[in-house]
Amino acid sequence: MAVAGTSGTGTRSTGSMVAAASTNNVTSFQRRGPRASGADSGCSRLVSIAGTRRSVRNGQLLVSTGLPALDQFLGGGLAVGTVLLIEEDKYNIYSPLLFNYFLAEGIVSGHALLVASAKEDPADILQKLPAPLIDHSYKKECDEDICGHKMESDIKMKIAWRYQLFPKMEGRPVLSSGFGHDYDISKRIPQELIETSKWHGFFLPEKISSTFNVESCSLTSGYMKLLQFIQNIIYEEGFDGSNPQKKQKNILRIGIQNLGSPLWGDDICCAENCDASHSLTKFLYILRALLRTSLSACIITVPTHLIQNKAVIARVTNLSDTVVGLESFIGSEKETNPLYKDYHGLIHIRQIPRLNNLIYDISDVKDLAFKLKKKLFTIEVRENFYV
Amino acid sequence: MSVQGKLTLLCDAKTDGSFLVHHFLSFYLKANCKVCLVALIQSFSHYNIVGQKLGVSLTAARERGQLVVLEGLKSGVDVFFRPREEPHPLQFLREANAGDLQPLYAFVRDALQPVDSGEAAWRCPVLLVDDLSVLLSLGVGPVAVLDFVHYCRATVCQEWKGNVVCLVHDSGDTEDEESDVLLNGLSHQSHLILRAEGLATGFCKDVHGQLRILWRRPLQPTTHRDRSLTYQYKIQDKSVSFFAKGMSPAVL
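Top line first, the protein sequences correspond to chains C and A.
For reference, each letter of the first sequence is one residue, going 1 to 387 in the working numbering.
For reference, each letter of the second sequence is one residue, going 1001 to 1252 in the working numbering.
Just so you know, not all the hints are guaranteed correct.
Below, simulated SDA-like cross-link-like pairs (lysine to any residue); rule was C-alpha separation at most 25 Å, straight line [stated by the list, open to error]:
| hint | chain 1 | residue 1 | chain 2 | residue 2 |
| --- | --- | --- | --- | --- |
| 1 | A | K1053 | C | K128 |
| 2 | C | K119 | C | G241 |
| 3 | A | K1074 | C | T281 |
| 4 | A | K1006 | A | A1096 |
| 5 | C | K225 | A | H1088 |
| 6 | C | K310 | A | A1200 |
| 7 | C | K341 | C | N318 |
| 8 | C | K249 | A | F1081 |
| 9 | A | K1234 | C | R350 |
| 10 | A | K1074 | C | N243 |
| 11 | A | K1014 | C | A311 |
| 12 | A | K1074 | C | D367 |
| 13 | C | K207 | A | R1082 |
| 14 | C | K310 | A | V1069 |
| 15 | A | K1234 | C | Q351 |
| 16 | A | K1074 | C | T317 |
| 17 | A | K1205 | C | K90 |
| 18 | C | K310 | A | A1060 |
| 19 | C | K225 | A | K1074 |
| 20 | A | K1238 | C | Q351 |
| 21 | A | K1014 | C | A369 |
| 22 | A | K1074 | C | E380 |
| 23 | C | K207 | A | F1081 |
| 24 | A | K1205 | C | K119 |
| 25 | A | K1238 | C | L358 |
| 26 | C | K119 | C | G59 |
| 27 | A | K1074 | C | Q351 |
| 28 | A | K1053 | C | T281 |
| 29 | A | K1234 | C | L358 |
| 30 | C | K310 | A | A1096 |
| 31 | C | K90 | C | A369 |
| 32 | A | K1053 | C | G76 |
| 33 | C | K310 | A | N1097 |
| 34 | C | K225 | A | K1014 |
| 35 | A | K1030 | A | V1069 |
Treat the hints as calculated values from the structure; they're not laboratory data.
With the sequences and hints as input, model every part of the structure.
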């Protein structure tokens, strides 16, 4: 795997990341030849961009979700050019964490960010991102309760009526790898990291006030404006390869919060037979089209538990590439169930894309649970008892 | 080629049936047919890379005129953000109430029109659509989609003795009325239905699903002459292996 060989420093600036990219050496694990990434960038050379790596299986260009544990269950990471849909947990407590991890990973890797929200100003969202963990003292703390196995070498499922408890999937404390970092959610990201990063914000209440005529095309005006904003950034900043003279290729990480909620002007969460029933699905289609033709990756959180129309949920799932559902135990009968006492909720990996392949990387393990500790969000394989 | 002038329906329920699309695409290209691929949900490079694993080069086929591809995603962005006056096969994306798919049909007709010139004649024309269900998500009504398939059948199957292959998703118990209307309507028109289903018992590493094959004579009153077969399958990197139920090599 191509790993940026930098010497670890406390703070990273985009400058050092660019230097790291140029030292990315082509190891024997990387395949040569015209392997297109998920995006149709038209560039068939090996692209070495900071914070990305090639999938071992099919050479697909991947970025980290910010949670190395989740990366492993998604087949190594999120493919560039695809959408990661997070089905929000009921009280929207844990999905913002995944959202923030994704954005924080973008800042640490030097990627450009596009943050869209109808509820919260993107500048405020960025202030609340978790701080990256680079110091050694925490590493020592973690080593005590992590078994230092790697996932790949340790998968040995006994064919028995009981799964073994796997080593905890907390991110391996990596210090200077270019892919996947650990974060301390009890601390905020340092201000200077935000300032040196390139980010674009889309805050719906600000944008909606400008009055210019836009055709509806059966999309709500919020979605329409957002699509135009995204397309504009992709084109202007050259993520679709339209500015070949730009020196360094980079990834655009797009994060859209609470898509489908009434705050976006959509009513699929309000009524079963809604007027704008095709609005969200059309939005997702055009979003997919934009992503496939650019070097970008997108995370969206959708309050699917509020959507009453099952057909719409199915369509939204089909139009997304990777779908991860969060189910928290708060307020449910599982909260007091002794089987679940060590966890805060379950993670359901509902869909993984088959890109450039007939098959996909899917881990055998299907029962995942998460737990929010003071500094970390951990994902574990749930120990099952079959009596 | 014994099968001509037929509509083959590919259908998947609780699983991903796109491997069938890749199979038919490489099959017809190798059989020297002229193929029009309406690729609505994945980029061309996706089909190209899988095609290479199955032994065909889509780029070469496109260059020699054997393959015409409508890339829904790429041209969708074009028509959505940079609208033009001329009709575009995907212009329904810009319309508030998506009307009919007449421009899309016109594209297919122009792509597969047999050319009476001295060039190497391809065998029968083939239309491959991946997939029709996404049209419902884009606001096109099921009746309009059925009309489109009907028009394509009339031209490609009956007039030009070619084949049409479409993929639809079976929405199962999600109460998607539009999807049910589309699936039922297409099933009645099809000569061959290939239905990929996930296993009832859930995910399995060695058996990815079950394939039901149904031969039909559409629009005939008697349906009891339909033949059907069921296989289980496992998808591998460059091929799919089929075996009778319960005969997976992993089990034996």
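Kindly indicate which numbered hints from before are broken by the structure, ordering the numbers from low to high.
1, 2, 4, 7, 12, 14, 17, 18, 22, 24, 26, 28 and 34
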